[in-house]
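> Spelled out, the chains give:
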Amino acid sequence: MPKIIVDGSVVDDSWNVIREDAPNSLAEVRESNTLVPLDCWNALQSESDKMPANIGVWIASTELPDQIEGDLQSIPVIAVDFPAFADGRGFSIGRLLRQRHEYLGQLRAIGNPIRDQLSYLVRCGFNAFQLAEHYDPEQALASLKDFSDAYQTAVDQTVPLFKRRG
Amino acid sequence: MYRYDSIDQKIVDDRVAQFRDQTQRYLAGEIAEEEFLPLRLQNGLYVQRLAPMLRVCIPYGMLSSQQIRMLAHVARKYDKGYGHITTRQNIQYNWPALENVPDILADLATVEMHAVQTSGNCIRNFTADPFAGVAADEVMDPRPYCEVMRQWATFHPEFAFLPRKFKMAVCGSETDRAAILVHDIGMMLTTNDAGEIGFEVFVGGGMGRTPVIGSLISPFVAEKDILTYLEAILRVYNLAGNRLNKYKARIKILVRAMGPEAFAAKVDEEWQHLKGSESTVTPEEIDRMKSFFPTPDYRTLDAIGTDVDQQLAQQREEHQAFDRWITRNTREHRQPGYISVILSLKPIGVPPGDVTAEQLDAIADLADKYSLGEARTTKEQNIVLADVAKDQLFDLWQACKPLGFASPTIGTLNDMICCPGGDFCSLANAKSIPVAEAIQRKFDDLDYLYDLGDISLNISGCMNACGHHHVGNIGVLGVDKKGEEWYQIQLGGDQGKQASLAKVLGPSFSREQVPDIIEKLLNNFVEVRIEGESFLETYRRVGHDGFKAAAYA
Chain A
166 MPKIIVDGSV VDDSWNVIRE DAPNSLAEVR ESNTLVPLDC WNALQSESDK MPANIGVWIA
226 STELPDQIEG DLQSIPVIAV DFPAFADGRG FSIGRLLRQR HEYLGQLRAI GNPIRDQLSY
286 LVRCGFNAFQ LAEHYDPEQA LASLKDFSDA YQTAVDQTVP LFKRRG
Chain B
1181 MYRYDSIDQK IVDDRVAQFR DQTQRYLAGE IAEEEFLPLR LQNGLYVQRL APMLRVCIPY
1241 GMLSSQQIRM LAHVARKYDK GYGHITTRQN IQYNWPALEN VPDILADLAT VEMHAVQTSG
1301 NCIRNFTADP FAGVAADEVM DPRPYCEVMR QWATFHPEFA FLPRKFKMAV CGSETDRAAI
1361 LVHDIGMMLT TNDAGEIGFE VFVGGGMGRT PVIGSLISPF VAEKDILTYL EAILRVYNLA
1421 GNRLNKYKAR IKILVRAMGP EAFAAKVDEE WQHLKGSEST VTPEEIDRMK SFFPTPDYRT
1481 LDAIGTDVDQ QLAQQREEHQ AFDRWITRNT REHRQPGYIS VILSLKPIGV PPGDVTAEQL
1541 DAIADLADKY SLGEARTTKE QNIVLADVAK DQLFDLWQAC KPLGFASPTI GTLNDMICCP
1601 GGDFCSLANA KSIPVAEAIQ RKFDDLDYLY DLGDISLNIS GCMNACGHHH VGNIGVLGVD
1661 KKGEEWYQIQ LGGDQGKQAS LAKVLGPSFS REQVPDIIEK LLNNFVEVRI EGESFLETYR
1721 RVGHDGFKAA AYA
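Sequence order for the protein chains is A and B. Numbered according to my numbering, the first sequence spans residues 166 to 331. Numbered according to my numbering, the second sequence spans residues 1181 to 1733.
The following block holds chain A by itself, in its conformation from the complex (with noise of 0.2 Å):
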């Protein structure tokens, strides 16, 4: 199985992220976990007032949080692409998702990002992280924390440096 980073570990990854051919019915989806896209989720969950636990949405770094339909608690895992490590995009969606829709399951970063963008990802409220292939997650376990402070609030610290000074 797949290895990732989830909240400082790296565990297992059983989420599989449907790319292509995604279900067009919730009697399409397997019976292990699964990240749709985001027209596919959309379309899913207008079939069912609960969906099922196994079900997770994943967004291109061109959607936004508010097109997500549906109760957003209730989603075990967003995923945001980062089709490409430089497409910034993600850092915002994740703030959007984390702050504005106070969103609290797992938020994970798909595609290409890479180890050294670990503290500005979890900065912006990620907290899973499939880096790309060439990445050892153990060893990536060290980028995690490679400032010991910040001086503007993000996800992580909602009080700025200049709020904390001695």
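Everything labelled a hint here was simulated from the structure, so no lab data went into it. Be a bit skeptical, because a hint or two may be false.
[Stated by the list, open to error] Mimicking DSS-like on lysine-lysine, the simulated pairs with C-alpha atoms at most 30 Å apart in a straight line are:
#1 K310(A) <-> K1345(B)
#2 K328(A) <-> K1455(B)
#3 K328(A) <-> K1404(B)
#4 K1345(B) <-> K328(A)
#5 K310(A) <-> K1190(B)
[Unchecked claim] Covered stretches of chain A (in silico footprint by chain B; criterion: 3 or more residues with CB under 8 Å from a CB of chain B, positions within the stretch not fixed):
#6 243 to 253
#7 319 to 326
Positions of the beta carbon are idealized from the N, C-alpha and C atoms, including for glycine.
Using the hints, position chain B against chain A.
Positioned in the frame of chain A, the structure of chain B alone reads:
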């Protein structure tokens, strides 16, 4: 100036350790080239034509003498003994070895310096008036606000991978010496009817391939709201800016595509979510920042001598060269008995803005002896000693002469802005330094330069416009035509509150032709000007066509 506390120091030290680790992993082949690219760029490291180039940040141009000595040390130990002052008030070194860069950054960190976000698609150095805090026409000192914003922008986790680079400038004086209208965001300090301090905010200015004058999107953002407002602008840009075509990725393209009103509305909509949040700047923080930029303990006019102006007048009468230097290379100071001095980095034969390790050490000594231990860099690529007592001026002038700082040409044709160009930069289409030198040599007669008066001549080696050619009264742009270096000449640019973009004269010229064409343009100016008119005033009065006809005659 701003001084680090233990937290600031720790954050910068963390960065040095981070980049040291990244560099080691890159050299060990653990980071791919394209992944290392933004990491090194955000630490100021380019790969140039001949060697890497390291751009060190000088926040809004402020330097202590201790920091200047460190810049000399870096030049000496890691480079070929010199550095280059950039058009955004930073300094860059052209010859460091990649593997030494972590050590350079560690050395810089010992004097509260770094190379953070001096390149890459992120928020760059904030620039401001090099006469901030001392200018006679200053309304408010921009530096405390620049520091508030600098800290907010430093390692901002959301905006480290923007569609493109992002530059901001702040002005607090009657005359805009920070070129705020050609920045991604330009801010003008102002007060509202209630007497509260805030900013006029202009967005979407810029030079480069598509030069644009910034649009006013808010006439007043209160000082307490500035960080949340900036965050709203950056978020709108980060989410909506063009990421498919790097030539259409700057915020100016987005603002133009949406229209400034629609862009302003979108920012305002985003801002409503952020306004009043924890990032609202407290009066205590603004006071704390202001406390780093106090009015210095100036000597009183009695101590300097109430007859200092008469003494100066006498010295000027006795020494024509001193008189010329004062006329061109000093600026009025708000404090009686004081004056600001510009050290020229444009002696003929030296690439504009280049400064040797020995000169840097000398600047540090001059700063300590004559200007309260501080100096500033200017976007015109010179050095300012802001706080010189007038009774010291003659001594300072004499000290400057052997050091090569006394060229009495500030603001003249020979004080040109010039990028490193094709001699160093891998982006350049053409060389720029030899063009600057050829022009300086042709127009080396001081009386002629003075007769021409204030003229800005800005030279860029490519359309990225590091030499600010779009806002030069005369702009020179290096272009590539079938593998050969040619030069386009533009006229009528200006950078102040009445900023205008220069207009292309016509077909481009060979490098050899450029000085002669400029001579023709100057001859035309001398012929048609009205007594007392500057080059730009004449150009604006008589229009483009007469100059064009003269150039191609």
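> Hey, K310(A) versus K1190(B), does the alpha-carbon distance stay inside 30 Å?
holds (13 Å)
> Between K310(A) and K1345(B), is the straight-line Cα distance small enough, at 30 Å or below?
Holds: K310(A) and K1345(B) sit about 26 Å apart, inside 30 Å.
> Has the segment 319 to 326 of chain A got at least three residues whose CB is nearer than 8 Å to a CB belonging to chain B?
holds (count 5)
> Are the Cα atoms of K328(A) and K1455(B) separated by 30 Å or less?
holds (17 Å)
> Please check whether the segment 243 to 253 of chain A has three or more residues whose CB lies within less than 8 Å of a CB on chain B.
That given contact holds, which follows from 4 residues of the segment 243 to 253 of chain A lying within Cβ reach (below 8 Å) of chain B.
> For the pair supplied as a hint, K1345(B) and K328(A), confirm whether the alpha-carbon distance does not exceed 30 Å.
holds (29 Å)
> Holds or violated: are the alpha carbons of K328(A) and K1404(B) at most 30 Å from each other?
holds (13 Å)
The structure shown violates none of the earlier numbered hints.
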